[in-house]
Amino acid sequence: MPNYSKNDVVLVQYPFSGVSVQKVRPAVVVNAPHVSHDLLVVPLTSKTTSLLKGEFVLTDWTLAGLNVVTAVKRGIYTVHQSLIIKRLGKLSHADSQKIEVALKEWLGMS
1 MPNYSKNDVV LVQYPFSGVS VQKVRPAVVV NAPHVSHDLL VVPLTSKTTS LLKGEFVLTD
61 WTLAGLNVVT AVKRGIYTVH QSLIIKRLGK LSHADSQKIE VALKEWLGMS
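15 is the number that the working numbering gives to position 15 of the sequence shown; each next residue is one higher, with no gaps.
A couple of the hints might just be wrong.
With a straight-line Cα cutoff of 27 Å, these simulated DSSO-like cross-link-like pairs (lysine-lysine) come out [to be verified]: (1) 73 with 98; (2) 98 with 47; (3) 47 with 23; (4) 47 with 86; (5) 23 with 86; (6) 90 with 53; (7) 53 with 23; (8) 6 with 86; (9) 104 with 73; (10) 104 with 6; (11) 86 with 73; (12) 104 with 53; (13) 90 with 6; (14) 86 with 98; (15) 73 with 90; (16) 104 with 47; (17) 23 with 73; (18) 90 with 23; (19) 47 with 6; (20) 23 with 6; (21) 73 with 6; (22) 47 with 90.
Computed Cβ-Cβ distance ranges for the label pairs, DEER-style [said to hold, decoys possible]: (23) 11 with 96: 12 to 20 Å; (24) 21 with 87: 22 to 30 Å; (25) 23 with 62: 33 to 41 Å.
FYI, nobody ran anything at the bench for these hints, they're computed from the structure.
Just so you know, even glycine gets a beta-carbon here, dropped at the ideal spot from N, CA and C.
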């Protein structure tokens with residue numbers, strides 16, 4: 001099983017209610033290295049209008065391996081590595097700093 005690193009942009013099979021339906025969506029790995037097979041990810045979206053406080057459009061979305069303008073969505077999910085289809089790229093330094101600030105804001109740690 002491949003290893004994924006913090007700030008990797010990945011394609012994830014998200015299970016939805018009832019676990020019978022799955023959708024493939026991009027996400028960013030946000031956890032530090034650990035021994036678990038579970039990853040903490042933040043979802044990404046191409047719907048960049050009506051973003052909530054703390055959500056933002058990636059500055060360097062093409063460098064992250066994405067095909068369209070993409071925003072970080074407010075949310076933190078735990079997924080097993082087996083739900084990762086592939087690694088698309090990695091966030092730029094500027095975007096990784098923005099996601100750190102957003103995570104602290106969302107969790108009330110700023």
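Now for the hints, and whether the structure bears them out:
1. 73 with 98: 12 Å, holds
2. 98 with 47: 18 Å, holds
3. 47 with 23: Holds - the C-alpha atoms of residue 23 and residue 47 are around 16 Å apart, at most 27 Å.
4. 47 with 86: 22 Å, holds
5. 23 with 86: Holds - the C-alpha atoms of residue 86 and residue 23 are around 14 Å apart, at most 27 Å.
6. 90 with 53: This hinted pair holds, its Cα atoms lying about 23 Å apart.
7. 53 with 23: 25 Å, holds
8. 6 with 86: Judged against 27 Å, a Cα distance of about 15 Å means the pair holds.
9. 104 with 73: Given that 27 Å is the threshold and the Cα spacing comes to 14 Å, the pair holds.
10. 104 with 6: 16 Å, holds
11. 86 with 73: 20 Å, holds
12. 104 with 53: Holds, at about 12 Å.
13. 90 with 6: 9 Å, holds
14. 86 with 98: The hint holds at about 23 Å.
15. 73 with 90: 17 Å, holds
16. 104 with 47: 23 Å, holds
17. 23 with 73: Holds, at roughly 16 Å.
18. 90 with 23: With Cα atoms ~21 Å apart, residue 90 and residue 23 stay inside 27 Å; holds.
19. 47 with 6: 24 Å, holds
20. 23 with 6: 22 Å, holds
21. 73 with 6: 17 Å, holds
22. 47 with 90: This hinted pair holds, its Cα atoms lying about 20 Å apart.
23. 11 with 96: 12 to 20 Å: 19 Å, holds
24. 21 with 87: 22 to 30 Å: Between residue 21 and residue 87, where Cβ atoms are some 24 Å apart, the hint holds.
25. 23 with 62: 33 to 41 Å: 23 Å, violated
In the structure shown, a violation is registered for the earlier hint numbered 25 alone.
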